[in-house]
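Working from the sequences, and respecting the hints, build out all of it.
Protein sequences appear in the order of chains A and B. For the first sequence, counting from 1, position 87 maps to 117 in the numbering used here; every step adds exactly one. For the second sequence, counting from 1, position 80 maps to 81 in the numbering used here; every step adds exactly one.
These aren't lab readings, by the way, just hints derived from the structure by calculation.
One side of the interface only, derived from the structure: several residues of chain A facing chain B at Cβ under 10 Å: (1) I49; (2) S51; (3) G52; (4) V53; (5) T55; (6) Q56; (7) D108; (8) R153; (9) V159.
C-beta atoms are modelled at their ideal positions from N, C-alpha and C, and glycine is treated no differently.
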Amino acid sequence: MTRKWGGWLLVVGVILIIIISGVLTQRYLDRTSLQLINQLETVGRAVDEENWGKSHASFVIFKKNWDNTSKKWALFTDHLELDNLEMKLARLKENLHSRDKNSARGDFGEALMLLKHIPDRGRLTWSNVF
Amino acid sequence: MLLIAVRAIILYALLVVVMRLMGKRQIGQLQPFELVVTIVIAELAVIPMGDAGIPLMNGIIGILVLLAAEVFLSLVVLHSERARAVICGTPILVIENGRPIPENLRKLRLNINDLLEQLRNKEYPNMSDIAYALLENNGTLNVIPKVDARPPTVKDLALANMKDPALPITLIMDGKLNQQNMKLAGVTEEDLFAQARAQKIENPADIFFAQYNTEGQIDIYSKRKDEFQ
Chain A
31 MTRKWGGWLL VVGVILIIII SGVLTQRYLD RTSLQLINQL ETVGRAVDEE NWGKSHASFV
91 IFKKNWDNTS KKWALFTDHL ELDNLEMKLA RLKENLHSRD KNSARGDFGE ALMLLKHIPD
151 RGRLTWSNVF
Chain B
2 MLLIAVRAII LYALLVVVMR LMGKRQIGQL QPFELVVTIV IAELAVIPMG DAGIPLMNGI
62 IGILVLLAAE VFLSLVVLHS ERARAVICGT PILVIENGRP IPENLRKLRL NINDLLEQLR
122 NKEYPNMSDI AYALLENNGT LNVIPKVDAR PPTVKDLALA NMKDPALPIT LIMDGKLNQQ
182 NMKLAGVTEE DLFAQARAQK IENPADIFFA QYNTEGQIDI YSKRKDEFQ
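Right, here's the structure in full:
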């Protein structure tokens with residue numbers, strides 16, 4: 031029985047593992063990116079209000095969460111995209127420190143775009159497949 | 002993850018279809034231009050398979066273009082003898098009447114050790130036993146031995162009453178009866194099952210494999226374990 035069905039069970043098992051882990055991974059990416067986007071938007075709003083104390087405090091909270099999450103994202107997303115986001119965040123931090131609103135807004139916009147883009151890149155959609 | 006899996010399946014399916022369309026020669030002995038296509042096609046498939054950042058179309062279009070180019074060259078080679086010589090090359094004689102031909106070996110950059118190794122692989126340790134040896138376009142060495150070095154044939158032995166072999170035809174495969182092949186072999190179900198009963202296989206469903214062999218007999222193999230021992 032096991033010998034007869036062993037090959038089929040292996041194929042079905044591998045397919046199920048890929049489908050289940052793929053769905054769970056995408057859900058995890060969506061959930062964590064949404065959290066990170068909300069936190070980063072708080073930073074953006076504080077920059078708009080030129081509330082530098084709040085923007086710095088919000089950025090510290092966001093960065094702590096990002097440092098935790100990025101290690102897990104590195105398991106299933108493109109490392110180059112993560113490095114790009116890291117660079118934008120480093121520039122954002124410096125611009126918050128020097129209270130340069132225009133540059134900070136620019137870095138915030140780029141970082142936000144990358145945060146939304148990374149989970150979208152692995153999503154199973156027609157445009158991504160082809 | 003799912004994205005990579007789906008892209009891999011699409012490219013795999015495309016490669017299976019493309020290799021099938023390229024024909025049987027593509028999987029067996031390759032001509033130089035076919036070898037090039039096979040190597041490049043593998044590369045074209047692997048890169049977009051692993052990198053979701055590269056459009057799948059880049060790989061698909063490249064593979065389809067190579068399919069068209071390969072089929073086109075095959076047709077050219079099929080219809081033009083001159084093109085065949087240019088694209089595939091011509092077989093080159095490397096041994097004649099038991100002696101190597103040094104200028105041809107030099108042209109092929111084939112050293113005598115490699116030649117001797119290939120001859121030993123074909124169970125001809127002595128070069129003097131060989132009438133002709135040709136290096137074919139696909140890189141295989143074909144040997145025509147001298148008359149005193151070749152194994153005797155039925156014609157040499159002048160055996161009487163020898164018949165040409167019949168076409169071997171599979172009648173039952175994996176327990177399934179093939180009606181078309183039964184007709185082709187001119188075997189009826191009654192004949193087949195009578196033969197099975199003669200081999201103590203009472204139930205036709207117990208037949209694993211049955212073949213009409215080259216001698217015009219029916220060989221039957223049972224699904225029962227003891228039959229294989």
